[in-house]
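Undergrad: For reference, the chains in residue letters:
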Amino acid sequence: MRLLNELDRKDSTDVGRELHRFAAELYPICRSITGDGIRRTLAMIQERIPLQISEVPSGTPVFDWTVPQEWNIRDAYIKDSSGKRIVDFRQCNLHVLNYSTPVRATMPLRELRPHLFTLPDYPDWIPYRTSYYEANWGFCMANNQMLALRDDDYEVCIESTLENGHLTYGECYLPGHSTDEVLISCHACHPSLANDNLSGVTVATALAEFLSKRDLRYSYRFLFIPGTIGAITWLARNQETVGRVRHGLVLTGIGDASAFHYKKSRRGNAEIDQAMTHVLQHANPSSQILEFSPYGYDERQYCSPGFNLPVGCLMRSIWGTFPEYHTSADNLDFIKPAQLAESLRTCAAVLDVLENNRRYRNLNPYCEPQLGKRDLYRSTGGKAIGVEISARLWVLSLCDGERSLLDVAQRSGLPFSAINDAAELLRENGLLSVAPEGATGRTCEATNNGRSLVRQSHS
Amino acid sequence: MRLLNELDRKDSTDVGRELHRFAAELYPICRSITGDGIRRTLAMIQERIPLQISEVPSGTPVFDWTVPQEWNIRDAYIKDSSGKRIVDFRQCNLHVLNYSTPVRATMPLRELRPHLFTLPDYPDWIPYRTSYYEANWGFCMANNQMLALRDDDYEVCIESTLENGHLTYGECYLPGHSTDEVLISCHACHPSLANDNLSGVTVATALAEFLSKRDLRYSYRFLFIPGTIGAITWLARNQETVGRVRHGLVLTGIGDASAFHYKKSRRGNAEIDQAMTHVLQHANPSSQILEFSPYGYDERQYCSPGFNLPVGCLMRSIWGTFPEYHTSADNLDFIKPAQLAESLRTCAAVLDVLENNRRYRNLNPYCEPQLGKRDLYRSTGGKAIGVEISARLWVLSLCDGERSLLDVAQRSGLPFSAINDAAELLRENGLLSVAPEGATGRTCEATNNGRSLVRQSHS
Amino acid sequence: MRLLNELDRKDSTDVGRELHRFAAELYPICRSITGDGIRRTLAMIQERIPLQISEVPSGTPVFDWTVPQEWNIRDAYIKDSSGKRIVDFRQCNLHVLNYSTPVRATMPLRELRPHLFTLPDYPDWIPYRTSYYEANWGFCMANNQMLALRDDDYEVCIESTLENGHLTYGECYLPGHSTDEVLISCHACHPSLANDNLSGVTVATALAEFLSKRDLRYSYRFLFIPGTIGAITWLARNQETVGRVRHGLVLTGIGDASAFHYKKSRRGNAEIDQAMTHVLQHANPSSQILEFSPYGYDERQYCSPGFNLPVGCLMRSIWGTFPEYHTSADNLDFIKPAQLAESLRTCAAVLDVLENNRRYRNLNPYCEPQLGKRDLYRSTGGKAIGVEISARLWVLSLCDGERSLLDVAQRSGLPFSAINDAAELLRENGLLSVAPEGATGRTCEATNNGRSLVRQSHS
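From first to last, the protein sequence lines are chains A, B and C.
Using the working numbering, the first residue of the first sequence is number 515, and each one after it goes up by one.
Using the working numbering, the first residue of the second sequence is number 515, and each one after it goes up by one.
Using the working numbering, the first residue of the third sequence is number 515, and each one after it goes up by one.
Some hints could be false.
To be verified - Derived Cβ-Cβ restraints for the label pairs, each shown as a range:
{"#": "1", "chain 1": "A", "residue 1": "Q795", "chain 2": "B", "residue 2": "I803", "range": "21 to 27 Å"}
{"#": "2", "chain 1": "C", "residue 1": "R516", "chain 2": "A", "residue 2": "Q802", "range": "33 to 39 Å"}
{"#": "3", "chain 1": "C", "residue 1": "R731", "chain 2": "B", "residue 2": "E942", "range": "22 to 28 Å"}
{"#": "4", "chain 1": "C", "residue 1": "E951", "chain 2": "A", "residue 2": "T693", "range": "38 to 44 Å"}
{"#": "5", "chain 1": "B", "residue 1": "E951", "chain 2": "C", "residue 2": "G944", "range": "23 to 29 Å"}
{"#": "6", "chain 1": "B", "residue 1": "Q795", "chain 2": "C", "residue 2": "R925", "range": "56 to 62 Å"}
{"#": "7", "chain 1": "A", "residue 1": "L804", "chain 2": "B", "residue 2": "Q795", "range": "30 to 36 Å"}
Stated by the list, open to error - Calculated cross-link-like contacts (lysine to aspartate or glutamate; reagent style DMTMM-like; alpha-carbon spacing at most 25 Å):
{"#": "8", "chain 1": "B", "residue 1": "K850", "chain 2": "B", "residue 2": "D578"}
{"#": "9", "chain 1": "C", "residue 1": "K727", "chain 2": "C", "residue 2": "D666"}
{"#": "10", "chain 1": "A", "residue 1": "K887", "chain 2": "B", "residue 2": "E520"}
{"#": "11", "chain 1": "B", "residue 1": "K887", "chain 2": "C", "residue 2": "E648"}
{"#": "12", "chain 1": "C", "residue 1": "K887", "chain 2": "A", "residue 2": "E539"}
{"#": "13", "chain 1": "C", "residue 1": "K887", "chain 2": "A", "residue 2": "D578"}
{"#": "14", "chain 1": "C", "residue 1": "K598", "chain 2": "A", "residue 2": "E539"}
{"#": "15", "chain 1": "A", "residue 1": "K887", "chain 2": "A", "residue 2": "E902"}
{"#": "16", "chain 1": "A", "residue 1": "K598", "chain 2": "A", "residue 2": "D578"}
{"#": "17", "chain 1": "B", "residue 1": "K887", "chain 2": "C", "residue 2": "E569"}
{"#": "18", "chain 1": "A", "residue 1": "K887", "chain 2": "B", "residue 2": "E677"}
{"#": "19", "chain 1": "B", "residue 1": "K887", "chain 2": "C", "residue 2": "D578"}
{"#": "20", "chain 1": "C", "residue 1": "K887", "chain 2": "A", "residue 2": "E902"}
{"#": "21", "chain 1": "A", "residue 1": "K524", "chain 2": "B", "residue 2": "E669"}
{"#": "22", "chain 1": "C", "residue 1": "K524", "chain 2": "C", "residue 2": "E648"}
What the hints contain is simulated information worked out from the structure, not anything from laboratory work.
The C-beta atom is built at its ideal place from N, Cα and C for all residues, glycine as well.
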C-alpha cells in the first residue's frame with residue numbers, strides 16, 4: 515500500500531485548509547505543561563482520533579525529575595491607578611509568565627519592573643516566557659508598551675493556582691502487523707503559539723486519523739505531551755516497551771513558510787534518518803539535513819544516551835532561530851495551509867519508505883535475467899531505457915538480501931517509489947523474494963545502553 | 515618488465531594508423547549476434563592472434579536465456595514502383611533492422627510505415643536498430659528520405675534466414691606465470707559501426723598481439739563475443755573457472771575524440787578500479803571515473819551479483835550519450851588513429867600496474883636506513899630531494915607487507931612507475947623483500963556469492 | 515590544572531622578548547651534529563632546565579647507521595693574493611661547508627670553484643650546506659661575491675678536526691603521575707640559523723621550564739638532539755622504553771611570521787593529531803594541517819614503521835619551502851618575539867588537551883538530568899542557552915565511557931576548554947564519573963610493529 519497515493523486522492527488545498535482550521539480552534543487555549551489547557555486540547559484531539567489520556571499525579575518521580583504541581587489560571591491583569599486593564603490575560607494568554615504563582619497586589623512601577631518581560635528588538639511583540647521550576651510571577655508585554663508606562667501605582671492580579679494535581683498527556687496507538695513501533699511525538703503544552711507547536715499537533719492528528727484507516731506494517735504511537743517533562747514521564751512509564759520503537763519523529767514548527775529542516779537522530783544514520791533524507795532530497799531539494807545536537811525538542815529525551823532511540827525531528831524554521839519564535843508573532847498568520855498540507859504529505863512519504871523498506875533477494879543472480887521475455891524490457895534494441903527499466907536493473911543488481919530498498923534507492927539516485935515499484939514487479943515475476951526479517955534491522959543500530967535497558971526490563 | 519616502455523619503442527603514429535586500417539577492413543561486414551558476419555570478423559582477428567573459436571548450438575540454455583537461432587542475410591531493399599532501389603542493404607548494412615525475419619512483398623506506404631525506423635533529430639543519419647528476441651522485420655533510413663517518400667506501392671525484400679545454427683565467439687588465451695587471469699572483453703556483433711565497437715575490437719586485438727610476445731605474471735583471456743548473449747553464454751560455459759578472473763576490462767567506444775571515461779566494477783574498489791583511476795589521473799587528468807551502474811555493456815553480466823567479477827569498462831564517449839551512437843555517423847571518420855593508439859597505451863599502462871603491483875616489506879623498519887652509504891641519496895645536505903628519493907622514502911615508510919605498491923602510489927601522490935622503480939631498487943639493495951602472495955589479494959574482495967559459486971563448481 | 519591559564523598570567527610580550535633574547539644568545543655558536551658547538555648550546559639550556567647530557571662514542575652502531583667522528587672547527591677563511599680574508603668563518607659560521615675536512619692550500623680560482631657553494635637565485639645570501647657522511651671541504655658564500663672573484667691564487671684554510679670523539683645530546687625528563695610520556699623533540703645541530711631551529715630550541719626550553727613547576731598527568735621528555743643521527747641514536751638507546759611515548763611533537767621553524775602548519779604523525783589520527791588540529795582550528799583558523807609524509811625532520815625517525823610513534827611536527831613556514839630556509843637570511847630578524855610566544859602558547863594549549871583528555875561516563879543516561887535544580891541551567895524558560903549550557907548538554911549526551919572529551923569537543927564544534935569545564939562541573943555535581951583508563955587509549959592506535967617491539971624489549 516502506498517500512503518502517498520492514498521493521501522493524494524484528496525485535494526491538498528482542502529487538506530491544508532482543514533489543518534489550519536483545527537489550529538485556529540486550538541489557538542486560543544491557554545496551555546501549559548499541566549492543567550486544564552492541555553486537557554481541553556487533548557479532548558479536542560480525541561474527537562478526531564482514538565486517544566488514551568493519562569493523568570500522572572504531581573510528585574511522581576520520573577528519572578531525575580519530579581512531576582510538578584498542576585497549574586491553572588483564570589484571569590490576570592495589570593491595572594493602572596485609573597482602574598484600566600493595561601495588560602489583560604483575556605486578550606492574550608502570553609501576557610502571563612507561564613506557571614506564575616498567584617499574586618494580587620498594588621505596587622509602584624519600580625517594584626513591578628523586574629516582573630515584566632519584553633523584547634527590545636521586536637518592540638511590538640509579546641514574548642512567551644515560563645518559570646516551571648522556580649516560583650515566580652510575571653507579565654510579558656510589548657516593549658513599546660512598557661516604555662510608555664508612567665510612574666503610577668499598578669494593581670497586579672494573577673488568579674492562578676499551583677497545587678497538587680496531575681500531568682496529562684495523550685497517546686494514540688494504531689496497531690499494525692508488527693509490534694515494532696513508529697513513534698510520532700509532538701508537544702502540546704504551548705499557549706497561543708501557532709507554529710510552535712499547533713502545526714505539529716494538527717499534522718500529527720491528521721496523520722493519525724489518516725493512518726487509522728489503513729492496513730499497516732508497523733504499529734504507530736502518537737504522543738501529544740507537554741515538552742520535556744512529558745517526554746521524560748512517558749519514557750519513565752514505558753521503559754519496558756520503549757525498545758519496540760524502531761523509528762520515530764518529533765514534529766515541531768512545520769507550518770511556516772521556510773524550507774524543511776530535518777535534524778537527525780543521535781545515531782546519525784538510523785533508518786528514519788536515511789528515509790527522511792531521501793524523501794527531502796527528492797521532493798524538497800532546498801531542505802537541509804542537520805546533524806544531531808543535544809539541544810532542541812523532545813528528541814533530547816528520546817535520544818538521551820540511555821535510550822538512544824532512532825528519533826529525528828522534522829521542522830521548517832529551526833526553533834530559536836526565527837524572530838517569531840516564542841513570541842506573539844507566532845500566530846495563525848505565521849502558519850500557512852499549503853505548508854501544513856505539505857508537511858503532512860512529507861510525513862506520509864517518509865512512512866511510505868518505512869512501511870515498504872524491505873530486503874529482497876535476486877533469485878536469478880548469475881547474469882541478468884531475460885526481462886524481454888517477461889515483457890519487462892523495451893522491445894526494439896538500440897534505444898535508451900527509461901527510469902522504470904533502470905530501476906529494475908538496479909534492484910536486480912543490488913538486492914542481495916542484505917541491502918534494503920532504501921539502500922538501492924540511495925545508491926541508484928532513483929526515488930524510492932520507483933525502486934519499490936520495480937521490486938514488486940520483479941517479485942510478481944518470480945525474480946525476487948523478500949528476505950526474512952532477521953534481527954539485522956532491529957538491533958544492529960542499538961547501542962549497548964539501549965539494548966541492556968530493554969533486556970533488563972523484560973526479564 | 516614494463517609493458518609501456520616496450521610499447522613506446524614503436525612510433526605511436528604508426529600504431530594508430532595500423533589500428534585504424536584494421537578497423538577499416540572490418541567495417542563493411544554485416545555482423546550480428548550470430549551468423550557469418552561475426553564468423554568472418556573472428557577469422558580476420560585470428561590472422562593476427564591465436565584465437566579459439568567456439569560454436570554454441572541454437573537452443574542451448576544459458577542461465578535464464580536461450581541461444582537464439584542463427585541469422586544470416588544476403589540482400590535487402592525497398593524498390594519504388596519504378597523498380598528503383600531506394601533503400602539498399604548493399605549500400606549500408608544498417609538499413610536493415612538487425613535480425614529481421616525474411617520478407618518479400620509489395621505494399622502501399624501506409625503499410626510500410628510501421629516498419630521504417632528513422633531519427634527525426636538527425637534527419638540525414640541512418641539509425642541502427644535490432645530485434646533479436648521479437649520476430650519483426652524493418653528498414654532503417656534517413657528521416658529526410660522517409661519524409662520524401664510519396665504514396666506508391668513499394669516492393670520490400672529482405673533475403674535473410676533465421677534458422678537453427680550457432681552462436682559464435684572467439685577467445686584468445688595467453689598463459690602467464692599465474693593461472694589467475696586478466697579478462698579483456700569486447701563485443702564484436704555490431705555491423706558497420708566504428709566506435710561501437712570496432713575501436714574495442716581492434717585495440718583488444720593489438721593488445722593481445724603485443725602481450726603474446728611478453729613474459730607475463732598473469733594469464734590473459736581476450737573475449738570477442740556478441741554483446742549480452744555472448745557474455746552470458748561464455749559465463750554459463752565457464753562457471754567453474756571464472757573465479758580465476760582477478761581483474762577485467764570491457765573495452766568499448768575507445769576510438770573517438772572524447773576524454774576517457776572509466777566505469778568502475780560493481781565492487782567499486784577492486785584493484786582494476788584503483789589501477790585505472792591511478793593511471794588516468796596521472797596520464798589523462800581530464801578523464802572521468804564513473805561509479806558502477808547496472809546498465810551498459812557486458813560488465814552488466816560479469817558484474818551480475820552472482821559473479822560480481824572485478825570487471826570495469828573503459829570508454830571514451832559514454833555509450834548512449836553521444837549523438838553518433840548507434841547511427842551511421844559512427845563511421846570510420848568518427849574514430850581517430852591517435853585516439854586508438856592512446857587507448858592501447860592506456861591499456862598497457864594499466865596492465866603495467868597490475869603486473870607489478872606487489873606487496874613489499876621494509877626489512878629495516880627501525881629508523882630510516884642510511885640511503886647515502888648505498889648511493890641512494892643526494893650527497894650534499896641542505897638541498898631539496900627529488901621525486902626519486904621521495905619515492906624511496908615513501909616505499910620505506912609504507913611497505914609493511916600489507917599495502918600494495920599501488921596503495922603507496924595513491925597515498926604519496928607519486929606515479930606508480932616511480933614507486934615501482936624505487937621498490938625494485940630498494941629490493942636490489944637488500945632493504946625490501948617481496949611479501950608472499952597470500953590469500954589476501956585474491957579472495958578478500960570477492961562476495962560470498964562469487965566465492966560460493968566457484969567453490970561449488972570445483973567440488 | 516590548566517596550563518594555558520597559568521601561562522596567560524605572564525605578559526606575552528615579555529615571554530616573546532625573553533624567547534628571542536635566548537635565541538640571540540645561542541645564535542653565534544657554530545653547531546654541528548657533533549662537537550663543542552652543540553655541547554656549549556646544551557650547557558646554556560642546562561642553565562634553565564634540568565638537562566641530562568649523553569655522550570655517545572664515535573663508531574657506535576645505531577640501527578643501520580654509525581655514530582660519526584666528532585667535528586670541531588677553530589677558524590676558516592679564503593685569502594686573496596693580497597692576504598685579505600675575503601671569506602671569513604669568524605664573520606659567519608655558515609661560510610664553511612659543515613663537517614669540512616681540514617684543508618690548507620693555495621690554488622687558482624679554477625681549482626677552488628668546485629668547493630664554493632652559492633645561491634644564484636638569492637645572490638646576496640650565504641647558503642647552509644653540510645657534508646656529514648662524505649669527506650669533502652668547501653665554502654658557502656654569496657653568489658654576487660663569487661661572481662666578482664678575479665683570477666688569482668687563493669689561500670684556503672679550514673682549521674677543523676674530524677676525529678673519534680662523541681655525539682652529544684640533551685634530555686630533560688619531567689616526571690608526572692603516569693609513566694606514559696609526552697615527547698618533545700627539537701634538533702639543536704644547526705649553526706647560525708634562527709628559525710631552523712633556535713625557534714624550536716628556545717620554545718622547547720621555555721616549555722620545559724614552565725612544566726617543571728607544574729603537577730603533571732604525563733611524564734614529559736624533552737630532547738635536544740642533532741637532527742637525524744641524534745634521533746636515530748636516541749631511539750637505538752631507548753628501544754626498551756620508547757613504547758611509553760603516548761604523544762609527541764617535533765618543534766621546528768616556529769618563530770617566523772607564517773601561520774602554523776602541523777604535519778600529522780604517520781598514524782594520521784593519533785590523539786596528538788586530533789588535539790593539535792582542534793587547538794589550531796579554534797585558536798588559529800588560518801593554520802593548515804598536513805598529512806604525514808616520510809620526508810621532514812625527526813618525525814621521520816620517530817614515525818619510521820618499526821616505531822610508528824604518535825609524533826607530529828609543528829611548524830610555521832614549512833622547511834624547504836621558504837626562501838630563507840638554510841640560508842643566512844634565516845637570522846634573528848626572521849624570527850619574531852610575538853610568534854615565538856604564540857608558539858609556546860600553542861604548545862601549552864595542546865598539552866592542556868592531552869593532560870585533560872579523559873573519558874567520562876554519564877551516570878544519569880536515561881533522559882536529561884534536571885540541570886535547573888542544580889543551578890546548572892538558565893532559570894527563565896523560552897530563552898536561548900549559551901555555550902556553557904550547550905557544552906553541558908553535549909557532555910551528557912556523548913560521554914559514554916568510550917568517547918574522550920576531545921571527541922566530544924570535535925563533535926560539538928565547541929572548544930575543548932568549554933567541554934572540559936562542563937565535564938568537571940558535572941562531575942562535581944555527581945552526574946559524571948571518570949571512566950577507568952583501560953588498555954583502550956594506549957594500545958589501540960599502535961601498529962603491530964610498534965607493539966611487538968615494545969613487548970620484546972620488556973621481556
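Undergrad: For each hint, tell me whether it holds in the structure or not.
TA: Status of each hint after checking the structure:
At roughly 23 Å, the beta-carbon separation of Q795/A and I803/B lies within the given 21 to 27 Å, and the hint holds. A C-beta distance of roughly 37 Å is found between R516/C and Q802/A, which places it inside the suggested range of 33 to 39 Å. Roughly 48 Å separates the CB atoms of R731/C and E942/B, a value that falls outside the hinted 22 to 28 Å. Under the hint 38 to 44 Å, the C-beta atoms of E951/C and T693/A, about 42 Å apart, fit the expected range.
Here the CB-CB span from E951/B to G944/C is close to 58 Å, at odds with the stated 23 to 29 Å. At about 33 Å, the CB distance of Q795/B to R925/C disagrees with the hint of 56 to 62 Å. As the Cβ distance of L804/A to Q795/B is approximately 34 Å, the hint placing it in 30 to 36 Å holds. Taking the CA atoms of K850/B and D578/B, the gap is near 39 Å; set against the 25 Å cutoff, the hint is violated.
Restraint check: the Cα-Cα separation between K727/C and D666/C comes to about 61 Å, which exceeds 25 Å; the hinted pair is violated. At most 25 Å may separate the alpha-carbon atoms for a hinted pair to count; K887/A and E520/B exceed this at roughly 49 Å. Simply put, K887/B and E648/C have alpha-carbon atoms about 9 Å apart, close enough for the 25 Å limit, and the pair holds. Our distance criterion of 25 Å between C-alpha atoms is broken by K887/C and E539/A, whose separation comes to about 36 Å.
The straight-line distance between the Cα atoms of K887/C and D578/A is roughly 10 Å, inside the 25 Å bound, and the hint therefore holds. Proposed proximity of K598/C and E539/A is contradicted: the alpha carbons are some 105 Å apart, above 25 Å. Using a Cα cut-off of 25 Å, the hinted pair K887/A and E902/A holds, with the two alpha carbons roughly 16 Å apart. Straight-line distance between C-alpha atoms of K598/A and D578/A comes to about 45 Å, which puts the hinted pair past the 25 Å bound.
At roughly 24 Å between alpha-carbon atoms, K887/B and E569/C fall within 25 Å of each other, so this suggested pair holds. For the hint pairing K887/A with E677/B, the CA-to-CA distance comes to about 19 Å; that is within 25 Å, so the pair holds. A distance of roughly 10 Å separates the Cα atoms of K887/B and D578/C; the hinted pair therefore holds under the 25 Å criterion. Of the supplied pair hints, the one linking K887/C and E902/A is violated, its CA atoms being roughly 59 Å apart against a limit of 25 Å.
Distance hint between K524/A and E669/B is unfulfilled; the C-alpha atoms sit about 57 Å from each other, more than 25 Å. Straight-line distance between C-alpha atoms of K524/C and E648/C comes to about 48 Å, which puts the hinted pair past the 25 Å bound.
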